[in-house]
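Peer 1: Plus 14 on top of the position in the sequence shown (first one is 1) and you've got the working numbering.
Please note that a few of the clues may not be correct.
Unchecked claim - Straight-line alpha carbon distances no greater than 16 Å define the calculated EDC-like cross-link-like pairs of lysine to aspartate or glutamate that follow:
no.: 1; residue 1: LYS66; residue 2: GLU121
no.: 2; residue 1: LYS53; residue 2: GLU65
no.: 3; residue 1: LYS53; residue 2: GLU26
If you're looking for bench data, these hints aren't it; they were derived computationally from the structure.
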Amino acid sequence: MAATDSIRKALESTVFRSLGALVARLLLGLPFVIFGVMKYANMGRMTAYIEKGGLPGEVIYLVIPFQILCGLAVWLGAATRWAAFLLGGFCLVAASLYHNNLADPGELAFFTKDFATAGGFYFLWQSGPGRWSIDGWLQRLE
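With these hints in hand, go ahead and build the complete structure from the sequences.
Peer 2: In structure tokens:
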């Protein structure tokens, strides 16, 4: 019983909670930075893809900085709750507009991945960035 209590206390410690929040932020934020940069590098192709979803191609000029800046904010833990909330919504919209052919197994996989990612962002929105973040550092300065 003592070993179980020790493990439970360790897993509930500030260090493990901070590490978990950091890993979650890195895993959730990094793809948005990468894909934002990739959209910039493939602007013509991505504009056509955006138009396929029924939006004007010019939306690319909003999507690229949005993905990069919100991804970096989550990654660094700066304005984390706002960025997580916005990226969660982005995932839901992207799934609904671009991965809605659920009879196609590939599209179904992207649809469910986007919904799961949105869930991760909304959990981050609720739980916060943890101590090892810019938000956590600023909170400790107060």
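Peer 1: Keeping to a limit of 16 Å between CA atoms, is the pair of LYS53 and GLU65 held or broken?
Peer 2: holds (14 Å)
Peer 1: Would you check the hint for LYS66 and GLU121, treating anything up to 16 Å between C-alpha atoms as holding?
Peer 2: This hinted pair holds, its Cα atoms lying about 14 Å apart.
Peer 1: Could you grab the alpha-carbon distance between LYS53 and GLU26 and see if it respects the 16 Å cut-off?
Peer 2: violated (40 Å)
Hint check: a violation occurs at hint 3 only; the rest are consistent with the structure.
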